[in-house]
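Chemist: Sequences listed follow chains A and B, in order.
The first sequence runs 0 to 441 under numbering that gives the first Met the number 0.
The second sequence runs 0 to 303 under numbering that gives the first Met the number 0.
Bear in mind the hints are in silico, worked out from the structure with no lab data behind them.
Glycine included, C-beta positions come from ideal geometry on N, C-alpha and C.
The reader is advised that the hints may include incorrect statements.
If you want the footprint, here are the derived chain A segments under chain B, 3+ residues with CB under 8 Å [what the hints assert, rightly or not]: (1) 33-47; (2) 113-120; (3) 225-235; (4) 247-258; (5) 358-365; (6) 368-381.
Chain residues, written in single-letter form:
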Amino acid sequence: MKKQIMAVTLTAAMLAGLAAVPVWADDAGSDEGKVLNIYCWNEEFKTRLTDHYPGYEEVDGTHGKIGDVDVVWNITPSDDNAYQNNLDETLLKQADAAADDKIDLFLVEADYALKYVNTDYTMSVADLGITDDEIADQYQYTKDVMTDSDGNLKGLSWQGCPGTMIYRRDIAKEVFGTDDPAEVQKKVADWDTFKATAAELKEKGYQMTSTVNDSYRVFSNNVTSPWVVDGKITVDDNIKNWVDMSKEMVDAGETATYELWSDDWSKGFFTDSNVFSYFGPAWFIDFSMSADQDGSVGKDGGWAATEGPQGFYWGGTWITAATGTDNPTLVADIMRTMTTNVDVMKEIVTADNDFVNNKPAMEEMAADESYGDAVLGGQNPLAMFCAGADKIDLSNMSIYDQGCNEEFQNAMKNYFEGNATYEEALDLFYKAVVEKYPELSY
Amino acid sequence: MAKNNNHKAVSYNKWGYIFLIPFVVVYLIFQLVPLISTIYNSFFENYRSGLTQIGPNFVGFANYVKLFEGGEIWIYLKNTMIMWIMGFVPQILVSLLLGAWFSNPSLRLKGQRFFKTVIYLPNLIMASAFAMLFFTLFADGGPINAMLVHAGILKEAYSFFSHAWSARTLVAILNFLMWFGNTTILLMAGMMGIDPSLYEAAEVDGATSSQIFRKITLPLLRPILIYVMITSLIGGMQMFDVPQILTNGTGDPMRSTMTLIMFLNKHLFSKNYGMGGALSVFLFIITGILSMIVFRFNKATDGR
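Full structure from sequences and hints, please.
Modeler: Below, the structure written as structure tokens:
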């Protein structure tokens with residue numbers, strides 16, 4: 000069976016190389032499935048495919064067509080782990096499912112990618128016929144995320160998610176006298192100056208960040224050990240640094256303790272709030288900051304981006320092929336088109352302000368004076384993103400990252416709000432993690 | 000003749016059993032079998048780590064040992080009881096009052112039908128939707144805080160969900176609002192079943208209305224009261240949706256609003272049927288004991 004798939008994909012790859020016509024048009028129709036099942040958690044990838052994949056026709060909210068193949072979208076929101084629960088149940092039944100019901104392609108995020116990558120439920124991209132040469136321009140970290148313990152690459156991404164610090168121009172002008180990213184960067188060059196600046200902002204009635212959790216990822220991406228070492232939960236020193244800094248900032252009223260994505264947190268996207276900055280990558284600026292709404296800071300281009308105290312990444316979506324797919328050629332073609340085709344990728348940058356996973360293309364656009372992000376008042380943040388993407392180090396990832404990150408922030412909220420000591424909150428964190436992953440100890 | 004009678008009795012019995020079949024079948028399939036399999040599951044190590052299934056391996060009482068190890072389970076039981084009582088006490092008082100008013104013919108209340116419908120309405124809203132509404136209303140930047148600050152009652156927004164007692168109170172208020180209508184209807188039905196001649200006799204003897212309530216209504220209402228208490232107790236022990244949504248599943252602050260079923264839900268992340276089973280058995284036993292206490296207590300005073 001595996002050989003057959005290999006043969007099909009290799010032939011297809013050759014055909015695709017020889018003729019510029021899309022593979023599905025004449026070849027895939029013959030012996031491959033007529034239904035392409037895609038599992039994901041929001042509309043992002045669907046929009047990307049609709050807008051940029053040649054030959055994709057939208058039928059209705061959850062259906063599309065590529066040639067004579069029906070594309071079926073199974074979109075389950077990530078809230079309360081619903082996406083993964085649904086995906087897991089379906090994947091576990093994958094072997095027995097009818098060909099048209101099998102998952103062909105699904106999306107994963109970095110926080111839990113290893114959970115799927117380290118299993119046989121995901122296909123290696125080499126088995127799909129995608130060679131190392133084709134993906135040589137992709138950022139190394141995007142490949143590291145999807146590499147299993149045996150060194151097989153299991154998925155590809157069209158985007159890179161290096162983050163920046165996004166601040167309000169009007170507040171910067173009022174407090175520091177300038178909104179120039181280079182000048183503001185000096186005010187947040189490292190965590191000590193960041194904290195001093197927070198005090199300066201507080202005096203003028205502004206909050207440095209909307210919540211302590213805004214800076215969490217900046218610390219958690221710069222750890223020196225993974226969350227779990229030999230089955231034992233460990234808290235890295237850098238995470239502890241975050242706790243100490245955050246506690247002081249909360250006590251001083253320089254930030255708050257809201258959860259990310261809550262209403263109170265996102266109030267800072269609007270001009271009538273006193274929040275100075277957020278931390279986020281390209282998709283955050285374009286997709287999440289309510290820039291299309293009246294009264295938002297982004298609507299009039301009121302934000303600007305700077306590197307911030309430390310580099311980090313946030314999120315990112317990876318495409319992976321489910322083992323047992325009956326559309327390997329089409330899946331491979333989607334991966335190729337979306338993650339290696341320079342024209343399509345540049346189109347994504349200009350149309351959606353996304354940061355795409357193609358080093359030369361991004362570096363070229365970073366130097367392009369004519370490109371600018373309207374939300375950032377026309378600033379071209381790509382050079383910053385490029386520098387950030389090169390520095391991302393994912394050597395300390397584990398399959399427990401998602402649960403540990405979530406529970407740590409939940410538990411520490413109690414410490415920040417004065418309902419518990421650090422030790423009590425830490426104890427609560429350990430307990431909550433063991434509830435989620437009974438095989439761990441502390 | 001006697002033989003004939005006997006034959007008749009037997010055939011009636013047969014019908015009795017036939018009519019019982021649907022209930023027994025449903026009970027066996029949906030109650031007894033799950034109950035036994037829950038107990039059975041509680042003796043196994045059986046969970047999922049990522050996509051890898053661990054177990055089931057027989058581990059004896061290991062799950063129970065783990066359950067009681069840290070002693071948190073008693074805290075969650077205490078939280079559940081506290082929030083139930085905080086909601087139940089006002090609920091039963093308001094329901095008794097409303098029931099007495101509605102069933103008292105001498106008051107001749109107008110628009111009874113309307114009010115009976117209105118007080119029952121909160122129960123028709125999904126608990127999670129209701130909790131979402133409260134979550135938004137009482138958020139730091141929500142309308143309640145905005146109003147309190149504007150009116151000068153508070154200097155700055157009060158984080159209702161960051162303080163144990165305000166969070167518990169909100170849970171209790173929600174449960175009270177959702178269930179007092181239901182209890183009122185039940186108590187009212189009980190009150191209307193009391194023979195009116197007893198009230199008339201009491202009135203003729205010159206009893207005041209509060210005397211009538213205490214000496215006639217309450218004692219005769221006891222069976223219904225027991226029923227209401229036990230069903231509410233069982234419902235209260237299984238409290239989940241309201242605190243879960245209101246605290247985003249964390250039971251914050253410091254798990255002071257974490258109920259037993261929320262704790263059970265925590266184990267479902269890893270599909271941990273062993274721990275889930277052990278916790279369910281614990282809940283089953285506690286509910287049984289509490290129901291017995293309520294039952295005995297009421298029976299004892301009934302005997303006089």
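Chemist: For every hint, state whether the structure bears it out.
Modeler: Hint check results:
no., hint, verdict
1, 33-47, "violated (count 0)"
2, 113-120, "holds (count 5)"
3, 225-235, "violated (count 0)"
4, 247-258, "holds (count 4)"
5, 358-365, "violated (count 0)"
6, 368-381, "violated (count 0)"
When the structure is compared with the earlier hints, violations turn up for hints 1, 3, 5 and 6 and for no others.
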